[in-house]
Structures are given as C-alpha cells and as structure tokens.
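Novice: From first to last, the protein sequence lines are chains A and B.
Using the working numbering, the letters of the first sequence correspond one by one to residues 1 to 468.
Using the working numbering, the letters of the second sequence correspond one by one to residues 469 to 1544.
One or more of the hints may lead you astray.
Short, incomplete list of chain B residues facing chain A, as computed with Cβ under 10 Å [said to hold, decoys possible]: (1) 990; (2) 992; (3) 1072; (4) 1076; (5) 1154; (6) 1173; (7) 1267; (8) 1294.
Quick list of in silico lysine to any residue cross-link-like pairs, SDA-like style, CA-CA up to 20 Å [stated by the list, open to error]: (9) 114(A) x 1188(B); (10) 710(B) x 594(B); (11) 114(A) x 529(B); (12) 713(B) x 1228(B); (13) 843(B) x 808(B); (14) 795(B) x 779(B); (15) 525(B) x 1479(B); (16) 279(A) x 873(B); (17) 1288(B) x 154(A); (18) 713(B) x 1422(B); (19) 719(B) x 560(B); (20) 1288(B) x 445(A); (21) 1422(B) x 719(B); (22) 713(B) x 860(B); (23) 279(A) x 1349(B); (24) 1203(B) x 1228(B); (25) 512(B) x 546(B); (26) 873(B) x 741(B).
Far from chain B, by Cβ distances over 10 Å, these chain A residues were calculated [claimed, not checked]: (27) 110; (28) 341; (29) 381.
The set of hints was computed from the structure by calculation and includes no laboratory data.
The beta-carbon is built from N, C-alpha and C at its ideal position, and this holds for glycine as well.
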Amino acid sequence: MMKHKITALFLGLALLLGFNSCEDYFGDINVNPNVPTDVPPSVLLPSIEVGVADLTGGDMSRFSAVLVSHVRGVARQWSSIDNYSFIVPSNFDNAWRYNIYAGILQDARILKQKASEEGAAYYVGIADVLMAYTWMMATDVWNDMPFTEAFQGTDNLQPAFDSQEFIYGKIDEMLAEAISSLSGDGGDLLPGGDDIIYGGDAAKWLKAAHAIAARAALHRALRDPNKYYGDVLTHVADGFTSGADDMRLQYTSGPTSAAPWYRFNRDRTGDIQMFTDDKPSKLGDIMTALNDPRLPIYSYDFEDFDNHPYFRAARNYPLITYYEQKFMEAEALMMTGGDDAAIHDAFMEGVTSSFDYISATTPFASDSLHMVFDSLSMDYMAAIDPGEGNVTMEDIMTQKYIAMYTEPEVYNDWRRTNIPELTPNSGSTIPYRFPYPSSELTLNLNTPPVDGLDAITDPANKVWWDIN
Amino acid sequence: MKKLSLVLMLVLFGVGSMLAQRTVQGTVTDTEGDPLIGANVLVKGTTVGTITDYDGKYSVTVPEGSNTLIFSYTGYTTQEVELGASNVVDVVMEEGITLETAVVTALGVEKEEKAVGYAVQEVSSDAITRSGASKTLDALQGKAAGVQLTRASGAAGGGTRIVIRGQTSLTGDNQALIVIDGVRVNNSTFQSEGNHAGVANTNRLADLNPNDIESISILKGAAATALYGVDGARGVVVITTKRGKGTDGKKFKVDIGSSVAFSEVTQITPTQTTYAQGWAGVYYPPETGVSTSWGPPVSELAWDGDKDYAFDPNGRIVSKDDPSAVKPVTPYDNIGTFFQTGVAFNNNVAVSGGSDVANFRFSYGNYSEEGVVPKNTFERNTFKLASDLKLTDRLSMSASANFSKANGRRIQQGSNTSGLMLGMLRTPVTFDNSGGFDDPANTEAAYRFPDGSQRNYRGGGGYDNPYWIINLAPRFDEVNRLFGNVNLEYKLHPWATLSATLGTDWFSDRREQQFEINSRTAPSGRVFEDNFFFRNTDIYLNARGSGNLTDDISLGYLLGANLYDSHLENLYTEGNGLSFPNFVHISNASDVQSSRYINNKRTVGFYGSLDFGWRSMLYLTVTGRQDYVSTLIVPDEPFSLSDIGFFYPSASLSFVFSELLPNDDILSFGKLRLSYAAVGGGPPSAYSTTTPFVSASAGDGWADPVSFPFNGVTGFTQSDNLGNPNLEPELTVNKEVGVDLRFFKGRLGLDFSYYTMLSDNQILPVDLAGSTGYTSAVLNAGSLSSKGIELVLTATPIRKRDFGWDLQVNYTRNRTIVEKLAEGLEALQIGGFTGTGMFHITGQPFGVLYGGAYLRDNAGTDADDGLTIPDGNILINDDPTSGEYGFQQPDPTLRVIGDPNPDFIVGITNTFTYKRLALSFLVDWKQGGQMWNGTMWALTFFGRAQITAEDRDKIVIFDGVLSDGSPNNIPVRVGQNYWTSSVGGFGSVDESFVQSTTWVRLREVTLSWDFNPKWFSGTFVQGGSLVLNGRNLYFWTPYLGVDPETSLWGTGNAQGFEYFNMPSTRSVSVGLNLSF
C-alpha cells in the first residue's frame, strides 16, 4: 500500500511538471515588468523637449562656442578641442546616436504616429516642429545624413546618406505640416503641463514654427538670396511678437534637472572659460571694446558654477528667440533692399530684446544692481545705435553674435557671413563643420570619410549651403 | 514550500532511536606491519563509521542487522570484511590503486572513476579548511587544473572570479555554475555602481562556510556538465556539504575550531618622495588647488612654523632660504602610515550525531574581519543544519538548510573621486593627510575643517582625503540568506530508484552608501539605498537504475526533469542634496529618485542518460537534454513549446586500456577518455525579445545627465536597444580527449586533457549605427572558440611510517579566441574607459586591451592591419614649433595593446608529513597575461609616480626616427613637459603602461599538528589539532604597481585593468581545533 502511495506521489510530482499546457506554465514570465511596452504622447513629449534643449545647450553649444570664439577650452580635453586637434569623431557619438537619432528623432516619429492615430493635431504639429528643429541643427554641422533609409533598425544596418539639400526640403515639409496642424483644431487630446516649453499653447508653437522656418530659409540664403530672404520675411511676419513668445525650456536647480552648461561647469570644472589672460576670446574682445554691460554676466568665473549668473542651474534655456528673429528680419530687410527705418527698428529691437532677456532672467544680487544694469543698457544702446540709414551688416551680425552667447546658431551665422572676422585658435583654418561620429563611421560604411582635422578644415567638405 | 521544509526539519531532528548494537575493535596495518593512520572504517549499508588513530586502532559501533565492515585508505585497495563472532577485526591493507573510488558527477550521481569519460577533479575538505581561506573560492586556488580564480582585491569582503576552461560567452556570465548538495545556488556579485568605481563587492558563494564542505568536485567540460543544461556549459563546481556520521557509540560529537589571522598590505604602486606639490618647479600650497607634484625638491623647502595654518600644523611651506623658515620640510608618508594590520577571527562549532536510521549535523560559524584599510569590515555568521532519515528500507529523506548573515562596511575604490587609492596616491609628500594626528582615522579634525568642509591637498576641489573616505563615505551592507534542499529517495525496484529534490535559495542584500556633504563625488551630499532580493527554486525529479545485463555488460540509466525558476528584484533609491551635515539619510535629501527592476527567468528541462559498461574496460555514456527557456518567449505573441525549446546531446567514452596489458609493476592503470558534447542556450538576459519604453534621460557624456521625472514631469523614451523577436538558441560544442595514467601502484599519476570548444550563434547586444534609430540590437551574432590543455601530476615520492611526501601539480593552459562578432562589427567593448579598455576583437583573444599606441612609420602602410601595433620605428615629433618636439606621438588609430589572458597557470602543492606533523605549501605560478597600469599612467601626469622623480632632470633621446626616416637625434628632458604631454599620463598612449602580470607566489603554507589522543584519555576530549597558516606570503612579479592579482572590473568579464585598485594582502593565521 505504502509502496503504491509513494509511487503515486512521484507520479503526481511528475505530472506537476507535466506538459499538458506548458505554454501556460511559462505564462507572462518574459513580459518585462519594469518598463512599459506602450506609452501615451504626454510622456514622450517632455523627453523629446528636454532632449532638444540638452542637445542645443550641450555638445552643439560648447563645440560651436569654441569654434566661433565665444569661449575658450582651457583644461584637459577642452584645451585640445580649443586648438581643434580633439574635434574628433568619438566626441560626437553621444549627440548623433543617443541624442539625435535614437533619442529625439526616434521618439518624435513615434509621438507623431501615435498622435496622428488619435487625431491629436497639436501633438502632431509639435512633433513636426521639434523634428524640423533637430534635423536642421544636425545637418547644419554634418551636411549629408541618412534620412530616407534611417530608422529601419536591423532591416537596414547601413542606411544611405541623403544630401543636405534634400534634408532641407524635408524640413520645409515638416514645418509646413506643423503650421497646418497647429493652425486648426487640436482634437480631444491636447498637450498641457507635459509641454515643458509652452504649456500646450498651440498659438505659440505656431509662431515658433514660423521662426524656425525663417531660420531654415536664412541658412540657405547664399544659395538663392532672393527666394530665401523673401521667405525669411514672410515667416517672421507670422513669428514671435515679443520675448514672451520665445521658445525656451526652463531648467531647475535640482541636481538631475539642471541646465547643460551648469552641469558641465559643475562636473568638468575649469575646462572652459569665456577667456583667460593666455587665451582671449573674440567675443570678450568685442564686448570689452564696446564696454558691453552684459560682459561681466557672460564672463563670470565658470569655476564658481553655483553663482554664475548666466550659466546657472535653473536657466531658462533659449532654443529660438524673438531677438534672433529680429536680427534675421534686419538682415533679410537689408539684403532685399528694405526700408531704412524698418532695418533700424528691427536691429535696435534685436539688441533691446536681448537685454530684456538678460534683465528678466538673470538673478541680480540686489535690485540696485539690476537698476544699474538697466541704466547701463540704456547708455550702451545709445552708444551702439548707428542711426537710421547707417545700419550695416557688420552691425547686425556683431550684435547678433553678442546677443546669442553660446547658442549654436552663431556658428551658422559666422559661416554664412564671416562676421565677425575670427582668427583661428590654431592653424590657418577654423573647422567648417563637425566630423561624422566614430560609431557611424565604423558601423555604417556609407558614411563619407569626414573624420580628422584635415577633413573638417577642407573647403571641399563644407556643408551644402556654405558656399561662402 | 518554506513551511513544508520546516516541518521536515522538526521531524528529522526529533528522531534518534538506537537499536541493539555491538562494538568492534581492531588495528589496520600495511603489509610491512606499520599502522595506517586515518584509514576509513565504514559499516556497510549505513553511514556509521570512524577512522583509525595514530596506532592504526579503531573502534566502531555496529548496529544490529549489519555484518560487514569496509576498510579504505588512499593508495590502498579497499577491503570488505564480513564480521564473525569475534569483536576484534585486524586488517592488513595492500597498496594498490583505488579504482573503485567514486567521483561525484553531474546531478550528484556518483560514478566509479574508471567509468568516467571526461575530466573531473576533486578537492577534499581538508585541502579547503587547511588553506586558511575564509571563502570557498579562495580556498580552491591552485588546487585544480583548468580553473582560473581571480581575486578582485584585497579589501575585506572582496569577491573572487572563477572561470573553468576559459570563457564560453562573449557578454554573458562566464563563471562556473555552483551546485551545493544537488541544487544550484547564486554566486553573483551585484554591483551598485559602474564596475570601475564603487566598492569591492562579495561574490555570494562567500555565504557558504568552507568548514561545512565535505568535498568539491569540479566538472570541467560540457560532457561532464551537459545534464545541468544551459548554465552548465561554463563548468560546474559541485559542492557536497558535511553530514552527520556514525559517532562511535556516543550520542553525538562536537567539533570546535577557532583561528585568528593577521594580514598586511603587499605592494603598492611606487611613488616619489622627492618633489613637492606644485607646477613648473614652483611650490603651490594646498589652498591653490594645484593637483600635481611638479614642485621644487622637498629638500629646498622649509616650514614657517605657523601653528594656525589650517592645512598643516607645521606651518606654511616656504623656501628654506626664506627668513620665516624655521624647520626643513621632511616628506610625509601618506601611504605607509595609512594601512593597518588586518585582523580576522574565525570560530566554528559543529555538532553531529546519528544512527543507522537518522543522522544530523548542525554547525555555526562566525567569521569577522577588519581589513588592512581602517574601518573596512566584513562579518559572516552561518548556521547550517543537515539531516538524513531512513524512513523505511526503501524510502529515505534528507534535508539541509543554510542560513547566513553577512555584514560589510566597505570603502570606495577605483576611478572615483572618492576612491581611496586615488586620493591617497595623488597626495603630494608635502601634504599630510593625517593633519599631524596620531590616530587620524578616528580624529575628525584630520580630514574635516570646523566649518564642515574637507581638509585635503587640493583645497576646495579634487579628490577625497582618504581619512574622509573611510569615515564619511562608507558603504554598509547586510545580506540575509537561506538556502537548502529537501530530497526524497525511493527504491522502487533494483532497476528503479525514484528521487525528488527541491532546492531553494533566498536572500536579500541591503546596501546603503553615504556621502557626507563636501564629499568630492557629491559635494551637496548623497545617499543611496540599493536593495536586492533574490529567490530561486530548483526542482529535480529523477528515475535511475543500473545493473548487469550479462557478466560482461552493465547498463545504467537516468531519466529526469528539472525546473528552474529565478526572480531578482532590485529597488534603488538615491537622495541628493542633503539639507544639513552629520545626518546622511534619505530623509535629509532634497531630491529623491527611485527605480525598481525585476528579472524573472524560468527553464524546464528533460534529460536522460544511458551508461553502458563492458568488462570493466569500456564505458560509454550518452546523454540528451531538451530545454525550454522563458527568455526566448516573445510576449503578446502566441507561441508553442517548439519555439522556445532545443535539444542537445553528449557522448563520452572511457577505455581502460590497462586491462588489455599484462599486470605490470610500472603501469598500474591506464585510461583513455573521449567525449563530445553540445550544449544549447537561450538569450542570457530576460526580455531581449522586445523593445520597451524606458524612463528618459538626456546628456552628452561630459556631465551627469538630466533625468526624469524632470521638475515633476514624467518622460519616457523608446529604448535605444532594439529587441529581437527572432532569436535562435546558442550552441556550444565541446570535444575532449584525455588520458589518465597511474604508475607504481598509484604512487605516480598523470592526467592529461585536451579540449576544444566552439560556441556559435551567440546572442549578444551588437552596436548599431545611430542612423538605424537604435544604438544596439540583440542578435545571434557572435562566435567564440577555446582550446586548452590540463595536466594533473600526482606523486607520492616517499611513504614511510613516520614520513611521507605528496606532490600535486596542476597545469592549465587555455586560449579563447573571439571568432566572430556581428556582421560588420570588429570590436565590442566590454569594459574600461573611453579610449582604453577591454574589447572583443575578431580574431583576437577574449577581451584584449585596446587603446592608444605610439605612432610608427609603418602606420597606414600595407604593413599595417589597422588593428595591431604595426612593426616599424616610432615616429618622433620633429616639428620645432611643437610643444612636444622630440617626443613620441600618439597613433590616431586605436590598437590592440595587450592580452590579459595568461599563457598558463601552474599550482604546485607539496605536502610533507612527519608523524603527527604535516607541512604543505602551494606555489602558484601564472605566466603571461598583461594589465594596463592605469594607476601609473595617471600618477605620471601628477608627477607622483616614482619614475617621474628618477627621470625628472634626465635628458634622453627617445628611440625612434624622424619624419625623414633618419634616427632620432633630438635630446629632450623627461620632466613635467613630457609626462603631461599627449604621450604622458592622461595622454592618449597606453601602450607604454601595459605591463606583464606574470607572477610566482607562495600562495599557501600550512603547518598542522594533530595532537596525540593519548593526552586526552580519560577526558571528554577526543582529539585536536593546531594549524599555522600563511597565505600569499611572498610573490614575485615584474608588474610595477599593486599585486597584479586584482581586477577593477571585479568578477566581471573585463579583466586586465588596474586603476587605483585596492592592494592585496598577505596573512598569517593560527588556529586550534578540538573534537569532543
């Protein structure tokens, strides 16, 4: 009896492992409980926005700022970047791979698709604006990039490169689509607090779309001045109407949500300064000569990162601004034979609104210091005012160069106009572009071999619009 | 399940009946009449037994119903003696080889050694306990061929890596599977930070008390381990723990052991004591924050005696000619004075007892260590209960439970501004980290100013003062663990024994890392709590039987099923920005972020094995296993079992060819082994088949990223790693040939194995070009091959009554080559820094060092494969306008610059016995293998490496050629300009810092003395011993740094990287064991 019971027990145990419906036994065990397989648009948008701001204010800003002599690399790797020798492919993997392709653009594509399915027009429009903004920032420094064959995962491990001209065509399409999406009804699913930039305000996004479209036209102005300067003026007419419309992202003082330059100065203390005794910067020289009241704010010791008035943790980071738009307008008016008064107004409004941005966002130690700054600003503006009819391209581009401190757009302006005239920190040529990242060079054999210092200072490798 | 096992324990512990019995006595001698000491006497069919004493005498209580005694002794033929009426049985043993010796093979099946067609090596409990090592893996050092063990560091509680026969996986776990009493237990080393920083973590096999081990069987090739399935492909360490035994008439037996060990640091990267903090020959005081020691010679400096100077009670440093100079500066020793003598106490007590129907063993062990780094402690308490119960003639049960509690207080190390060695070695000799205090480790003023800021040589920045680290950046951890098993066995029929084994392993590992405000790693203060919870279930159901079909043919079979289920959960909470000092606690953090991670895996396997034997001469074993693995499942898609299952076979042959030879006094035994085995495997990681969304972060690699929630807003991003729903199983194929020869009746033995391994279709994350929209994808891509030789030589040159000499030599040689990565992927980084690290490179050995080399004149020519360092002359920079005129130059192409894998490893153990004294020593020789000396690389930049003092004013002409091809003739000074250039410290040339880690070391010396039991006659004491032990007493190596037996990447795959690693230790211990 005992024997049978025991045999039965073993058989029972065997059946327990029996495989009548063993698929059920495995059940959901390989379902990842840690992460979602699907998410709503409201959590994709903030990560895309922060991604865009961090890209703009991070690598793009620092490398551009060194190249246009806004700042100088003074220690460790940044002293080699300062002499261009360390502007090497491995420094661009992060931006290209993680931030742009697998980050912002991949997520924005998904956002757009999800939002389209749900009829959420404003999300669709915002996704297009952010994609256009990112594609433009990327192609402006890398020229040709994979577009048509990109985002296919393992189905296409080596996407072909599309020309910059083609990509700009796509940027135009995205912005046109965005303008259309943002002009109508937003549907039932509307962005709100998840939109860190504009809090879901579609009207402001619409203005931003126009401002970005103006920038996209301006970049190509050398290719066809009449058409593109005209487009600039068309878009600025529908663009920002004051600094309150600026496309900016508000960082905070928390350790994991602080602004990019602050984090850099905190974690790489002493690597970059605006200038030092040994290493002057063009921007420092210009501002010193003009006795510019913004200079002490810009050039405050980067090592004292906690107290830096400009590169503070809780910075309201500009992505595209009213002051930039006013300088674009002034340039386009001038190049299309516009009215002297209008040129002068746009130029002076650009300078004024730059001061307004600083006055509004800089934490002055006291009200009286703030008043001193404002009063110096008035003196300064009077001093630099060339008077109606006397505004030159030099004036416009110099003031734009000062206003857009460390903004990546300055590198585009300088390549287009050669204003201000810069002396290379080393060698005879300032690089015309960024090298392709090492990951793309290694893993995608379609990548043009633009890698070393020779390649990025070779005029043959200038970006398509740069025919200056 | 837990309840059930508790009930079983109670039942088992309550049993202890004693039946009618008799006592048999006698003497065991050899053919020359000399008594054999320590011969085993066992009552057949029971677990009752004893061993002979110094005079060869024994006394054993034979239970009623038993009438046979088995006498066995290593090197002698085992005898069975049937008992007659007499209670005195004297036995004469004949020298011979114990072919009947059983070895433990897969799934705990004992097989006759001669029937085994693959390499198995056993390590006895004596060898483990007498090694003096507190952790099991350390005790195995040098004791088995084919096994490579690497201690991560000398820190108290540091981990050890075990790899058997080289690596089988490119990116997965390569450490051997650990099986204790038939069920697998976790031997992970969980990391809380990136591998290059954080603390030295413990590998979890350390939770087993080595004193509880009866024997260890090391299964090396896949044929030996095929029945263990996927995880067995890495080799298996089968540990059998001690159980209760017959206790010779007494109710129970008590063993106690106590030892104390003292340890000290071995060697440390040499640093200079000649030059002061400074730059360009000018002294810069601490408050300037200057990080380097490129100042003037210390001999030119003096203190001004200002006692109010915060950075030094001797005052400010001035030139010795300065009017304020009062006392010449003498260099401070910040290194030698920092370390202390480590002390470790090890106390064990075990109680065992039993009869022919039930037995038990209970043990308690306490190990408590204070390391060579002050305030680095590790403590382990282990409780183990094992019990066996014979319920009926046919049904028996056994159970064991091991509870352990381990506590550590650990110190930050490695590439980390709070890393202990990093700050210590960089400190200039003109700065006193101890602030002039006698006991700086316990004097806050030594490392902290009254305002709470840190007192260190770099003023407000830099790295932590070592005394700050040990006091204000501690890591606390506590592991509570229960593992054990219940086994039920039923003899249904001579041809059918059924067994069921249930094993489980549960633990929690709770960690808290504190960084006080003003710690360099987190100036605003940080605390994190990192909690791991692990649980597995391992169930086996087996049916087996064996017997003789004819006089010539024997047959055995095994059929079984195995279910393995594991669950790992990690909850991590980090708080940043402490509001006020002296309370480093999550509740004091202004910013708290938390994450949770769960990993579930399940495998079901069905297996079988058939053993054929013919005339004690030919043995053939074939096995097969069909596995179903959860990691192949694609969620949300219907699947059938065939989608997640795969089959793999093995066959092994043992041919005892000596049976064919005439009896011969020279060759006593000879066996040829041949085996083939395939082992399948699923994706090593769970959830590889899907692409999820993950909480977003944004950053650029230069600074800590922004992460979500961002200012209260949640953000997700699609994972950059593309999952793959179409994965195929991996396949590893092993082939092995071996020969086992014994000469002179076993006095000399030689066991040789040669094996090859090819692991194909390996599943690994492969880097993708960003334009694919992903940064990596999981693919069946890689391929890895190994081949190797193992040689075990055993000899007993002398065996006399009073004196014996035993020798064992283990030789290991393995080559693992990366055959293929993914299509178009030439290199895959597995560890290291950007620019220098361990990479898998197609055609190269496993995990080679890859980094910067000198530019050579052949670079870029046809002679350059673009991968290895090309032949040719080093090109010297001959541009007179360059700041590096006359120096070598970095090659812009990264190169293979070193191979961390050793050429071979040899362990030589000599044991001499004289009467009751035994002396054994183990020499451990590792030939080859290279490591990148990142410590030296960094210290040259800072002017702290010894070499920077020796060469500081030296003018040399470097070997090399100028751009026109002529020999270099440019004299340069090898000073600050050189060492801070692009070919110096922190420069882009690593080649010059790759050094050989060859070593020869005296790993173990043990002197033991067994007390004469006569001393204790009339007392309750039965015997005892005194053991003196030394570990790592001496080593020789060309490596210019810490003991190269170290690994910054801990127990992970990336080896060969040294960057401010913790130094190793040497230790001596004395222990006393008594039994009652």
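Novice: Now tell me if each hint is right for this structure.
Specialist: Hint check:
1. 990: 8 Å, holds
2. 992: With a closest approach of 7 Å, the residue 992(B) hint holds.
3. 1072: With Cβ-Cβ at 7 Å, under 10 Å, it holds.
4. 1076: Violated - the Cβ of residue 1076(B) stays beyond 10 Å from chain A, reaching only about 14 Å at its closest.
5. 1154: 6 Å, holds
6. 1173: 8 Å, holds
7. 1267: Violated, about 48 Å.
8. 1294: 7 Å, holds
9. 114(A) x 1188(B): 19 Å, holds
10. 710(B) x 594(B): 12 Å, holds
11. 114(A) x 529(B): 81 Å, violated
12. 713(B) x 1228(B): 47 Å, violated
13. 843(B) x 808(B): 10 Å, holds
14. 795(B) x 779(B): Roughly 16 Å separates the two Cα atoms, so the pair holds.
15. 525(B) x 1479(B): Holds, at roughly 16 Å.
16. 279(A) x 873(B): Distance ~59 Å between residue 279(A) and residue 873(B) Cα, so the pair is violated.
17. 1288(B) x 154(A): Given pair residue 1288(B), residue 154(A) holds - Cα atoms ~18 Å apart, limit 20 Å.
18. 713(B) x 1422(B): Given that 20 Å is the threshold and the Cα spacing comes to 72 Å, the pair is violated.
19. 719(B) x 560(B): Distance ~30 Å between residue 719(B) and residue 560(B) Cα, so the pair is violated.
20. 1288(B) x 445(A): Within the cut-off at roughly 19 Å; holds.
21. 1422(B) x 719(B): 78 Å, violated
22. 713(B) x 860(B): Distance ~19 Å between residue 713(B) and residue 860(B) Cα, so the pair holds.
23. 279(A) x 1349(B): Given pair residue 279(A), residue 1349(B) holds - Cα atoms ~18 Å apart, limit 20 Å.
24. 1203(B) x 1228(B): 14 Å, holds
25. 512(B) x 546(B): 12 Å, holds
26. 873(B) x 741(B): Given that 20 Å is the threshold and the Cα spacing comes to 44 Å, the pair is violated.
27. 110: 6 Å, violated
28. 341: Consistent with the label, residue 341(A) stays out of reach of chain B, its closest Cβ about 43 Å off (over 10 Å).
29. 381: 35 Å, holds
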